[in-house]
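Sequences and hints are given; from them, build the entire structure.
Here's the letter readout for the chains.
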Amino acid sequence: MSQRASTAVRAGQGSDPLPGPGAPDGRVRLTLRQRLSRWDAKFSPYLYVSPFFVVFLLVGLFPLAYTAYVSLYEWNLIGGQGDYIGLENYRRVLENPYFLKSVVNTFSIFVLSSIPQIVIALALAGLLNAPLRGRSFWRMGVLVPFVVAPVAVAIIFGNLFGDRYGVFNEMLGWIGVGPIQWHVDRLASHVAIATMVNWRWTGYNALILLAAMQAVPRELYESAALDGAGRIRQFFSVTVPMIRPTLLFVIVTSTIGGLQIFAEPRLFDETMARNGGSDRQFSTVTMLVYDFGWRLRDLGKASATAWLLFLIVVAIALLNYALTRRLTGQGEKR
Amino acid sequence: MKDRPGFLAYGLLTAFLLGSLFPLYWSFLSGSRTQEEMSSSNPPLLPGGHFFDNASRVLDTVPFWKAMGNSLLVSGVTATSVVFFCTLAGFAFAKFSFRGRTTLLVFVIATMAVPTQLGVVPLFIVMSKLGWTGTMWSVMVPWLVTAFGVFFMRQYLVDAVPDELVEAARMDGCSTFRTFWNVGLPAARPAAAILWLFTFMQVWTDFFWPLIALNSDNPTLQIVLNQLQSGYFKDYSLVLAGTTLATIPLLVLFAFTGRQFVSGIMQGAVKG
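Residue numbers (numbering that gives the first Met the number 0), protein chains in the order written: chain R, 0 to 333; chain V, 0 to 271.
These are calculated hints, taken from the structure and not from any lab test.
Be aware that a few hints might be false.
Part of the chain V face toward chain R, derived, beta carbon under 10 Å [said to hold, decoys possible]:
no. : residue
1   : A8
2   : D205
3   : Q228
4   : A245
Subject to a maximum C-alpha distance of 16 Å in a straight line, what follows is the list of computed EDC-like cross-link-like pairs (lysine to aspartate or glutamate) [to be verified]:
no. : chain 1 : residue 1 : chain 2 : residue 2
5   : V       : K65       : V       : D216
6   : R       : K41       : V       : D52
7   : V       : K233      : R       : D162
Quantities reported herein were computed from a predicted structural model and do not represent experimental measurements.
No residue lacks a Cβ here, since even glycine has one placed at the ideal position from N, Cα and C.
Structure (structure tokens):
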């Protein structure tokens, strides 16, 4: 017992405020220490989890609430807070023709990037799930684009998709197509930007889906094979329904990330204003937040836009969740 | 049941891999040629000998080394802080019982869905009041501890550390912090390495917030690339040499730690 207590002294020195060595009575010291230890067990855990809550309060919760507050005022980047104007900022943003255009662009880029991405990732995961030679080589290989920064991706692809000397137009020329005005044409620019997103994220999502696929019990495949299901049939009737929760997760997270796209369209732009093309043909909502706030110096409007984007993100994430559940749920019943 | 994959599978994987590597190859190729060579009607398909010329022009145009230093500092400090505080909190959630534990944990998970990127306006107002805009504080402090990190470490430590071990340490008189230090941290090492790498990469590649909070005199690498791209007349050889230079550090890191990245993602590391 006393030995344990002395360990406690040594062990506790780092964090517990213990009395000096000259405390008069051993027994009193012991109970004090016991009391300290009980206090430690009771309250220290709060201390350990508190950094997260402090930081979240400062950079998560407070800003979100404060964004709503700022959005109700005239608020200049330099001059600071002005008059209370109610929902005027929201009206101004909603009436701005570029807002609707940016929303449509954001959706268009999102759809063009997420659907092919999920389909290819699913196929890729299926390939990687086979007993391959050099497994970790392939897995690492498909992940290389993930460590390239979006800014770098945008610059490189901006060059590859060059309107005049671009490699992709060159290649299309071999089969008699084009040249396509990637930076001018609205849909073409969306395809180019979606390609960047797909390039960076497909391998990553394939690995997440692969992890889920490996957890599918082998017996299911065996009994499916006994029932005469071929490999393709097995993939759609066993694998896909079994990894449904992961598929949902991938789709919802890519929604949250995809709708906030910023670096790719901004750096794809070759005009000096960098607002998403000469006619804002590939401007996105997050770019509009930046444009209002830090170019036009109107933080009120920027906040209103940020809140509108937040609502859009939440709504689409929920919609996607419901939709995917439905679609993959049908696969399960079949 | 599953037979060995055939040529088709390897062929498709190889095609995918080539597609993944081609843009990087192209970046280096263009960065090692001159602007004239690249804009000829028959652009070359092999790297040339001008990479160092182009790179030195990059160093003349933008504060590249300063940006590299800043990126290393910001990513390194943030990743280390995230690992420490998230492991501590994750250990507390996993192994100490305290009132309100479940509620607080659910709250942590819920916050992962909040797109903090949309709080940039108030964050900017606060940072300028503190006088931190333009300094590295503004890009480090907001991400010193993350919800994802807490959750990730908690999930790992729940299984990695047996409850008996924690009880034994407490019986031996270890304080809770000592228990964390001697029992939790060593057990957390594999997951902590993964969390460190992911955070490092995320902070390194971040663009939106640094663009708002920093200025061109004291930038990070992403900001410098943005500057290069914004030149009045665009010399793509110069820009792509810079892009290659700025991408190399993460590629080197990946070459040594690719396995951790792969296993991290497969264990459920999600994008932030």
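To see whether the hints hold, each was checked on the structure:
no., hint, result
1, A8, "holds (5 Å)"
2, D205, "holds (8 Å)"
3, Q228, "holds (6 Å)"
4, A245, "holds (6 Å)"
5, V/K65 <-> V/D216, "holds (9 Å)"
6, R/K41 <-> V/D52, "violated (63 Å)"
7, V/K233 <-> R/D162, "holds (14 Å)"
In the structure shown, a violation is registered for the earlier hint numbered 6 alone.
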